[in-house]
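Chains E, F and Z, in that order, give the protein sequences. For the first sequence, the residue numbers in our numbering are 1 to 526. For the second sequence, the residue numbers in our numbering are 527 to 807. For the third sequence, the residue numbers in our numbering are 808 to 1089.
I should point out that these hints are in silico values taken from the structure, not numbers from a laboratory. A portion of the hints provided could be inaccurate.
[What the hints assert, rightly or not] Dumping the calculated DSS-like pairs for lysine-lysine here, alpha-carbon to alpha-carbon at most 25 Å:
hint, chain 1, residue 1, chain 2, residue 2
1, E, LYS526, E, LYS498
2, E, LYS424, F, LYS746
3, E, LYS424, F, LYS599
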Amino acid sequence: MSAVSHSLEHGHHAHQPSGLMRWITTTNHKDIGSMYLIFSFIMFLSGGVMALTIRAELFAPGLQVVQPEFFNQLTTMHGLVMVFGAIMPAFVGFANWQIPLMIGASDMAFARMNNWSFWLLPPAALLLLGSFFVPGGATAAGWTLYAPLSVQMGMGMDLTIFAVHIMGISSIMGAINIVVTILNMRAPGMTLMKMPLFCWTWLITAYLLIAVMPVLAGAVTMILTDRHFGTSFFNAAGGGDPVLYQHVFWFFGHPEVYIMILPAFGIVSQVIPTFARKPLFGYASMVYATASIAILSFTVWAHHMFTTGLPAAGQLFFMYATMLIAVPTGVKVFNWVATMWRGSMTFETPMLFSVGFLFVFTMGGFTGLICAIAPIDIQLQDTYYVVAHFHYVLVAGSLFALFSGAYYWLPKWTGHMYDEKLGKIHFWCSIVFFNITFFPMHFLGLAGMPRRIPDYNPMFADFNLMASIGAFGFGFSQLIFLAVVVKCIRGGERAAAKPWEGAEGLEWTVPSPAPYHTFEEPPVVK
Amino acid sequence: MRHTTRPAISVAALLAALPASASDARYNLQTPVTGIAEQIHGMHSWMLVICLVIFVGVFGVMFWSVFKHRKSKGAVAAHFHENTTVEIAWTVIPVLILLGMAYPATKTVIAMKDTSNPDITIKATGYQWMWGYDYLKGEGEGVRFFSSMSTPREQIEGGAAKGAHYLLEVDNPVVVPVGKKIRILTTANDVIHAWWVPAFGVKQDAIPGFIRDTWFRADKEGVYRGNCAELCGKEHGFMPIEVRVVSAEQYAAWVAEQKKRMATQAQPAAPQASASTASAG
Amino acid sequence: MSAVLEKYFVPEPSRFPIYGSAALLLIGAGGAMWLNRVGSGPWLVAIGFATLIYMLFGWFGQVVRESETGKYSQQVDKSFRWSMGWFIFSEVMFFAAFFGVLFYVRVLSVPELADGASAMLWDGFEKKWPSAGPYVEEAFTPMGAWGIPAINTLILLSSGATLTWAHWGLLKGARGQLIKGLVLTVLLGVIFLGLQVYEYVHAYDALNLRLTSGIYGSTFFMLTGFHGMHVTIGATMLAVILARSIKGHFTAERHFAFEAVAWYWHFVDVVWLFLFIVVYWL
Ligand code: HEA
Ligand code: HEA
Ligand code: CUA
Ligand SMILES: [Cu+2]
Chain E
1 MSAVSHSLEH GHHAHQPSGL MRWITTTNHK DIGSMYLIFS FIMFLSGGVM
51 ALTIRAELFA PGLQVVQPEF FNQLTTMHGL VMVFGAIMPA FVGFANWQIP
101 LMIGASDMAF ARMNNWSFWL LPPAALLLLG SFFVPGGATA AGWTLYAPLS
151 VQMGMGMDLT IFAVHIMGIS SIMGAINIVV TILNMRAPGM TLMKMPLFCW
201 TWLITAYLLI AVMPVLAGAV TMILTDRHFG TSFFNAAGGG DPVLYQHVFW
251 FFGHPEVYIM ILPAFGIVSQ VIPTFARKPL FGYASMVYAT ASIAILSFTV
301 WAHHMFTTGL PAAGQLFFMY ATMLIAVPTG VKVFNWVATM WRGSMTFETP
351 MLFSVGFLFV FTMGGFTGLI CAIAPIDIQL QDTYYVVAHF HYVLVAGSLF
401 ALFSGAYYWL PKWTGHMYDE KLGKIHFWCS IVFFNITFFP MHFLGLAGMP
451 RRIPDYNPMF ADFNLMASIG AFGFGFSQLI FLAVVVKCIR GGERAAAKPW
501 EGAEGLEWTV PSPAPYHTFE EPPVVK
Chain F
527 MRHTTRPAIS VAALLAALPA SASDARYNLQ TPVTGIAEQI HGMHSWMLVI
577 CLVIFVGVFG VMFWSVFKHR KSKGAVAAHF HENTTVEIAW TVIPVLILLG
627 MAYPATKTVI AMKDTSNPDI TIKATGYQWM WGYDYLKGEG EGVRFFSSMS
677 TPREQIEGGA AKGAHYLLEV DNPVVVPVGK KIRILTTAND VIHAWWVPAF
727 GVKQDAIPGF IRDTWFRADK EGVYRGNCAE LCGKEHGFMP IEVRVVSAEQ
777 YAAWVAEQKK RMATQAQPAA PQASASTASA G
Chain Z
808 MSAVLEKYFV PEPSRFPIYG SAALLLIGAG GAMWLNRVGS GPWLVAIGFA
858 TLIYMLFGWF GQVVRESETG KYSQQVDKSF RWSMGWFIFS EVMFFAAFFG
908 VLFYVRVLSV PELADGASAM LWDGFEKKWP SAGPYVEEAF TPMGAWGIPA
958 INTLILLSSG ATLTWAHWGL LKGARGQLIK GLVLTVLLGV IFLGLQVYEY
1008 VHAYDALNLR LTSGIYGSTF FMLTGFHGMH VTIGATMLAV ILARSIKGHF
1058 TAERHFAFEA VAWYWHFVDV VWLFLFIVVY WL
């Protein structure tokens, strides 16, 4: 504990700028973590407002709210903003706050670069959201930016390309920082196999980021040159191939979806043992399963392309490889259930979100597996079934895990307990409205409703109505979360250093709120 | 925490309703009219059942412990946290289940890809935003026409009541004879589109500058409807596909009529992915 | 280099990152405007680049000062090593994307357009490489391997050798050898770039080979262009290392910056070898 008292004495810094400059110039991982979290929540609300506009248009057949061009812009921006603006930065925010605390490091390995990683995001967001206001509006080619449609787009597409470049730089720097912090700054005695699982999942995620973000940069760069400099990468007349874009994009895109779920697995692996008061079952196999998912994720990209006319051998290869991912993911699910088995469980909000995650994410996993079966996917590709699948894994997966982690560590971050009652209301509203929103989409997709359409045949009316009502309910439920967090920052019952009875790990050995500087001298882990 | 079951039960009930109403297109794939679509339909039901069984098994265990092993019931935490045998078991068993799923899927993939020996070959070209059809081989060779959505604008904007086939009706449907193997070649003129008829189990991207193919053999006469299934710009939601499957005699009559029409009236330029426009895309 | 500190060095708050962000915002917004001929795009891009260069000088200058005043412990040094390694890996993946594209068009899309089912759309298009695809009509002459490219290969390989020789000098404490080696390396890099520029001019003027020459032109210029950009960055960094060496920076034990740039240079070298084989030769 000597490290703790030491850092308390040095709690203030001589040259610390104040006010806004503090946040702009900070090199402190906690400040930067908070900024990431706030930024991502703002982006979540922006993407959510777009989603609600989509759902308002789809409330009933006919065009009522927006015109088709604008609808497509909304769909595209909703996807981009949620993926690159909300989910990914939120996980980086968690990494910033928690990894140094969990491995006993004084800060991130490159504190100044860490600041830049964050401060690249607001400019990227400005370019992305600003593109709504330029001539021609935002890009409307879908978040996948498929060529040649994206080659047809207006200036908004160029802004999006540059935004993607900047976000890519941010992610690569952030990922390198995380890898180096984990590999080089663990406290003495913290061997890799003693590391909390959250750090493991982030270590592996960071590798995925370093490997695939440059590929995305290459893909959008080729679109840029096809648009403006007369190259023919995606144009058959010049010997290129539109499908080539899809290969490059999905080589990034599939690992990307695991980038958005592996840290979620990490959070859940911290929360469930705490509230089951029992160590995580099968720690080693969890690590190996995470690594297997990451490695396999490089071999499955063309499952997004079953309808492009791959040869049979290609379809079969990608189908088998995709199906295999169910095995390590299953291992994780089974290990979590085994952790709960014969525990001594309580259900505070973090645990509710983790259990909710487990239950609903697995449904999304199963629909993913159904999509993986190439012949079935021929029917499902580009329908609302796929929309249902990925919202089950992204919203009930990534987002619920983020909520779980936020409630879990809020006491550590703010020094106050959050309002448990409101937290529980947030959970129940979320899970109920989530299912009302997205469950009917399975039926819509099966029955033949394509995605990315602003209008539909009346036979799809009832389920769309249901989904739209659910979406508004879900959206407004998120304001409860905002209220809980604001309330918790402003005050509330003081949190102990270790507010959760079953919690383990170094972050619980420092006071709550965690002092500005922690572990300036590394703690020793037995 | 008493309420844990509520959403769980309603969700499970909805899931259970799925295979039960297998024939009802509202909850399931559209009623199949080709052998391939039949296979897909069956495979999907099968997979759903397997997934459901696993789901109920896994979450049965989880909810059991959620209810029994809670602190408020006086549960004391056990300390076990490792067991190699079970880890191996829950790795190997899923692999076996997956093998069981992969086997029929493989057979269907190979059947879907077999476009050899068609009776009739039709080229479908995607345009922003309509389809062009070109009967290349077999009975009806030489027939060509464009096909665009025929739903009136007033219905879309709310000025008129919506018809039953709202957004799914076209001016010139594709006509094919029942029971014949039809090979569809797809291509596009500008951006990627996709030719999709759910009841046939057919969906094939139409890629500018490239030819891809797929096939179907419809077992039942009728009108089957689908959509363009790849985002292709602002009217993507408004480029439906309508296929009329008719008897051999009706088909012959239709072909004769088309030939007559084409002889008398100058056809618009043939739907071809002309190089100049493809490069403009 | 003074005593190694116990604590891991955490830098003071810094303004450089926000300058960098502002710079990229200007470049992104200005670039998009420029490409679409809206407003004052080129000016924004120019200001953005100026800011970026200012930021890079300031930031790296500060890092150099921190390093020279002994703020970086062995542990920090190790962090730098890890990070440079993974940064280079990300660059490898960037190039891998473009090499993948080249592989794809040569093995899959061009043959498919010529002999596959899609050939019916492109009458008379023949399978060959180099190819500009079925519809790019202006004839061009592809770039041969055994002229300038072969010379450039030799130049880059020798620059790798001179750099290693400089490193040996540093390790032995032979500063003269270090500086001579670096001068030679930078010179070779500059000659490489000069020849590359000459080659591009030749391609445009004499061979009628352009960025718009179908897929061959696209892959040729993008691959060699991005490589050339990396050579430029590498040569600039080498020049900085040279200047620092002249100032007396680096010791035989502690010279991470030298090594990082050397790794980078070797990486650029290896990329060139692949380029030479698959772009020019085969
Ligand atoms: C967090 C994000 C995330 C995650 C984790 C996943 C996970 C999976 N996804 Fe998903 N997916 C997306 C995000 C994600 N996906 C997105 C965003 C898209 C659409 C992109 C777009 O087009 O815009 C998409 C689309 C998509 C497609 C393409 C659909 C189409 O466009 O036609 C496919 C097809 O194979 C697929 C498959 C899978 C599979 C097999 C998994 C597996 O990882 C799931 C594994 C999990 C389980 C299977 C459940 C738990 C396992 C057990 C309990 C063990 C026992 C089980 C068995 C033996 C069966 N996904
Ligand atoms: C990564 C995560 C993510 C998340 C969290 C979400 C969240 C949601 N998504 Fe989205 N979605 C995607 C990723 C995500 N989505 C992707 C990748 C696509 C594909 C895009 C494409 O096709 O290219 C997609 C596509 C997509 C579609 C299909 C569009 C189409 O095909 O045309 C729909 C339709 O219903 C939809 C709905 C929703 C809804 C209702 C939510 C809800 O969960 C959102 C709830 C949140 C809120 C509603 C915010 C709360 C705010 C308020 C209530 C207002 C308060 C306002 C202020 C204070 C200013 N999404
Ligand atoms: Cu044509 Cu979508
Ligand atoms: Cu995928």
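**Message:** When the structure is checked against the list of hints, which entries are broken? Sort them ascending.
**Reply:** 2
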